[in-house]
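Work the whole structure out from these sequences, hints included.
Number of protein chains: 2
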Amino acid sequence: MQISTITQPTLLVDTKRVKANIQRMKAKAAANHAVFRPHFKTHQSGVVGQWFRQIGVDRITVSSVSMAKYFADHGWDDILIAFPVNLLEIKKINELAGRIKLHDLIEDLAVAKQLDKLLEHLVGVYIKIDSGAGRTGIPLDDENRVLELANQINVSKNLTLKGLLTHAGHFYHQPGGKTAIAEKTQQINQKMRALKSKLRQEDLVLSWGDTPSCSMLDNLEGFDEWRPGNFVYYDVMQYHIGSCSLEDIAVAMACPVVAVHPECEEMVIYGGSVHFSSEFIAADDNFRLYGYLVNFTENGWSETVAGAWLARLSQEHGIVKLPKEICWNYKPGDLIGILPVHSCITVSAIGQQQDLDGNLIAKMCIC
Amino acid sequence: MQISTITQPTLLVDTKRVKANIQRMKAKAAANHAVFRPHFKTHQSGVVGQWFRQIGVDRITVSSVSMAKYFADHGWDDILIAFPVNLLEIKKINELAGRIKLHDLIEDLAVAKQLDKLLEHLVGVYIKIDSGAGRTGIPLDDENRVLELANQINVSKNLTLKGLLTHAGHFYHQPGGKTAIAEKTQQINQKMRALKSKLRQEDLVLSWGDTPSCSMLDNLEGFDEWRPGNFVYYDVMQYHIGSCSLEDIAVAMACPVVAVHPECEEMVIYGGSVHFSSEFIAADDNFRLYGYLVNFTENGWSETVAGAWLARLSQEHGIVKLPKEICWNYKPGDLIGILPVHSCITVSAIGQQQDLDGNLIAKMCIC
Numbered sequence: 001m002q003i004s005t006i007t008q009p010t011l012l013v014d015t016k017r018v019k020a021n022i023q024r025m026k027a028k029a030a031a032n033h034a035v036f037r038p039h040f041k042t043h044q045s046g047v048v049g050q051w052f053r054q055i056g057v058d059r060i061t062v063s064s065v066s067m068a069k070y071f072a073d074h075g076w077d078d079i080l081i082a083f084p085v086n087l088l089e090i091k092k093i094n095e096l097a098g099r100i101k102l103h104d105l106i107e108d109l110a111v112a113k114q115l116d117k118l119l120e121h122l123v124g125v126y127i128k129i130d131s132g133a134g135r136t137g138i139p140l141d142d143e144n145r146v147l148e149l150a151n152q153i154n155v156s157k158n159l160t161l162k163g164l165l166t167h168a169g170h171f172y173h174q175p176g177g178k179t180a181i182a183e184k185t186q187q188i189n190q191k192m193r194a195l196k197s198k199l200r201q202e203d204l205v206l207s208w209g210d211t212p213s214c215s216m217l218d219n220l221e222g223f224d225e226w227r228p229g230n231f232v233y234y235d236v237m238q239y240h241i242g243s244c245s246l247e248d249i250a251v252a253m254a255c256p257v258v259a260v261h262p263e264c265e266e267m268v269i270y271g272g273s274v275h276f277s278s279e280f281i282a283a284d285d286n287f288r289l290y291g292y293l294v295n296f297t298e299n300g301w302s303e304t305v306a307g308a309w310l311a312r313l314s315q316e317h318g319i320v321k322l323p324k325e326i327c328w329n330y331k332p333g334d335l336i337g338i339l340p341v342h343s344c345i346t347v348s349a350i351g352q353q354q355d356l357d358g359n360l361i362a363k364m365c366i367c
Numbered sequence: 001m002q003i004s005t006i007t008q009p010t011l012l013v014d015t016k017r018v019k020a021n022i023q024r025m026k027a028k029a030a031a032n033h034a035v036f037r038p039h040f041k042t043h044q045s046g047v048v049g050q051w052f053r054q055i056g057v058d059r060i061t062v063s064s065v066s067m068a069k070y071f072a073d074h075g076w077d078d079i080l081i082a083f084p085v086n087l088l089e090i091k092k093i094n095e096l097a098g099r100i101k102l103h104d105l106i107e108d109l110a111v112a113k114q115l116d117k118l119l120e121h122l123v124g125v126y127i128k129i130d131s132g133a134g135r136t137g138i139p140l141d142d143e144n145r146v147l148e149l150a151n152q153i154n155v156s157k158n159l160t161l162k163g164l165l166t167h168a169g170h171f172y173h174q175p176g177g178k179t180a181i182a183e184k185t186q187q188i189n190q191k192m193r194a195l196k197s198k199l200r201q202e203d204l205v206l207s208w209g210d211t212p213s214c215s216m217l218d219n220l221e222g223f224d225e226w227r228p229g230n231f232v233y234y235d236v237m238q239y240h241i242g243s244c245s246l247e248d249i250a251v252a253m254a255c256p257v258v259a260v261h262p263e264c265e266e267m268v269i270y271g272g273s274v275h276f277s278s279e280f281i282a283a284d285d286n287f288r289l290y291g292y293l294v295n296f297t298e299n300g301w302s303e304t305v306a307g308a309w310l311a312r313l314s315q316e317h318g319i320v321k322l323p324k325e326i327c328w329n330y331k332p333g334d335l336i337g338i339l340p341v342h343s344c345i346t347v348s349a350i351g352q353q354q355d356l357d358g359n360l361i362a363k364m365c366i367c
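So the sequence lines, in the order shown, correspond to chains A and B. Note that my numbering numbers the first sequence so that position 248 is 248, with each residue one more than the last. Note that my numbering numbers the second sequence so that position 91 is 91, with each residue one more than the last.
Among the hints, a few may not be true.
[What the hints assert, rightly or not] These stretches of chain B come out as covered by chain A in the derived footprint (C-beta under 8 Å, 3 or more residues):
#1 129–137
#2 326–337
[To be verified] Examples of chain A residues toward chain B, derived with CB under 8 Å:
#3 Phe-287
#4 Leu-289
#5 Ile-345
For the record, the hints were derived by calculation from the structure and aren't laboratory data. Where is the CB? At the ideal position from N, CA and C, for every residue including glycine.
Laid out in C-alpha cells, this is it:
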C-alpha cells in the first residue's frame, strides 16, 4: 500500500477486487450462455481493459466515438458504441470503421439513411429499444417502427443489422428490488424474442446490459450478449440497489483532511464536486449521500466507518458528517478514503486513477 | 461565429460578454472602495486571466494549490488560495511561496503552528470566518478563537496576518432575495469590523466575496477586498438568484442532437454529466433543471427557447424537454446550445473551452 506520496484527491483502485469482479461477471455471462461484451465507460482505462483481455474477452462496449478511438488505439478491434449515432462525428466513425469491427446504435429511420450515405466502410448496427428506461430508443411495443428500421438497414449499402439492444436504466430506481427486476427482465426478454422472430434473422443478437440485473439475478437466460459496465468497480449506489456488497467496491477516493469540527460533527476534506461530480443519493431534502468514509490500512481500506458519510460538496470542499466521538480520530493533514456514490462519473471527473502500489492506472485524455 | 467544426460537446465562451462582466464588476468594486481580487476558479484559464490583467487587475484568488501553480506559471505573482491550507501539499506551497506573494487560509490553531514549522518562506495568512454558510471557518461570533489564532499567527516566524476572510455561500439559498442579502451583508460587515477593531491591526483586510451579493447590492461598502468568481461567466443558477440577466451568461455548451422524440416532447443530445457535471436546480422531485436551450446564430446564440430545458442527464446523454411543436425544428445532426446551471463545475467537467471564433480559451490540466 503506497499512499504516503498522495497530497491531493486521488482515485485508488483495488486491483484484486477489480479482477474478482471481472472474473465473476464473465463466468456468470458464460453460465447464462451469453457473449460477454463489457461496457468500458466506467474505468475508461487501457490498463484495466488489459485485465479483461487476459481472461479472453475480445469485444467491448463504449459510450462515445472518442472512447471507441481510445480503445481501438489500445488494440481492441470489435467495439460497439452504445450511444445513438452522432452524425457530426462521421469522419471519426469512418476512420474507425476502416480499421476495426465497429458497431453503431440507431433508432431513427432518417439517421439510418443518412449514415448509410456518409459511410465509407461497413458497420454493424444494433437497433436501440426502449424497454422502459424512457431515455431513448424505439419503444419495445412499437413493432412497426422496429420492422421499418430493420428493413431500411437491410437495404442499406454500408449497414449490417447485428442486433436489438436495450438498457434497463430504470432498474436503478426499481421498487420491489430483485423480485421485481427478475419479473420485468423476463417480460422484456419475451417481448424482444418475439420481435426477433418477426425479423426472421437467426443470428440477430439480443443485447442486454445493466449492472443491477446482471449482478442480482440468478437466472438471466435468453439474452445473447451482456454489456454491464459499472460492476468492474461497483459503488455505493450499486450497494444500495443490492448489486454488490461493500467489500466488492473496488475504488476509493483518497482525500486530505483540511479541517475537523467536532462541535458540529463534521470534517472538511479536500475533495469536491470537481473530483466526485455532483451525483448523490437522497433520502429526503435533508439527507444527501455522496459517499461513505473508510480508513486506509496496510493493504487497502477498512470497512465503512459507522455513522459517517460524505454529506455535502462544493467545488473543492467535501463535508463529512460523523459522530463527535469519532471526530477526535482525525486531524488536518490526515488522508481518508471515500467510497463514491457513482464510480463511472467519478472516474470521469477526476480524470486519472492509480492502484494501491501507486502505479498509474489511467490518465484519460478524451478531450 | 465558427461552429461548423464542432462535432462533440464543446463549451463556448462569448468573449464580449465576459469582458463586459469583468469590466462591470471591477468598476463596482472600485466604486465601493474595495480592492478587486477576483476568484479564478470559474474560468481556470490563462487566456481569460489575461483579460483581467489588461484592465489592471494584479492579484487573484484560487481554490487549490494546483490552480495557484497554474496561474503563477501564467505570470500572476499575488495569489490567495481561498481553501483551508492542505498540509499534505507543503512542498508545492513552499515552492510557490519562494517565487510569488502567496496567501493561505487558516482556521485552526494546530494547523497554524504546524504550517509555520514546515514553511521555508513567508506567507500571508487570512483567517477563515464562517459568516453563516456553515461550510468551514471559525464562527463569526467566536471572538476568542479568532483572537487566539491571530495571536498564534503573530508570534509565528513564517506567517503574516493579512486579513479576515468570509464567503457567504448561504446567499445562494437565501430566502428574501436582494433585501435579505443586503441586510445580512450589513450585519456580517458590522461584526467583522468589530472583530478587526479587537485585533488592533490597522491594515488588516476584510475580504468578502460571493457573486450574488457583489452583483445584486447597490451599496456594498465596508469590505476592503472583493473576491467574486462566478460573475465572469454567470449561469442559470445566478440568473435564478437574481445576480444577472440571461444576456449576461457568457458560456453555452454546444451539443449535437442525436434523437428527437416529439411523441414524448423530448430530444436527446450528446452532452451528459461528464460534460455538465450533475448539478441541478430542483423545484420538486419531478422537476430538475440542468440548463436552458438556445439556438446558435450568426454572432452567438439566441434568447432561451421558451418552454424548453435540459431535464435529465446520464453519463453521455442529455434529455431536453420541449413543446411538441418545437421538436419539429430539430433533427439528429443539428447542434444546439445549453446555458449551464453552474458554470464553474461545468468548466471543470468539460476541461476545455473555446471562443466563438473557434480559438482555444483553455485546456485545463490540473491533474
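| With 8 Å as the cut and Cβ atoms as the points, is Phe-287(A) at the interface with chain B? | violated (14 Å)
| Does Ile-345(A) pass the interface hint, meaning its C-beta sits closer than 8 Å to a C-beta of chain B? | holds (5 Å)
| message | If you count the residues of the region 129–137 of chain B with a beta-carbon closer than 8 Å to a beta-carbon of chain A, do you get 3 or more? | response | holds (count 3)
| task | Establish whether the coverage given for the region 326–337 of chain B by chain A is satisfied; the threshold is a Cβ-Cβ distance below 8 Å, and no fewer than three residues must meet it. | result | holds (count 4)
| query | Does Leu-289(A) pass the interface hint, meaning its C-beta sits closer than 8 Å to a C-beta of chain B? | reply | violated (14 Å)
In this structure, the hints that do not hold are numbers 3, 4, in rising order.
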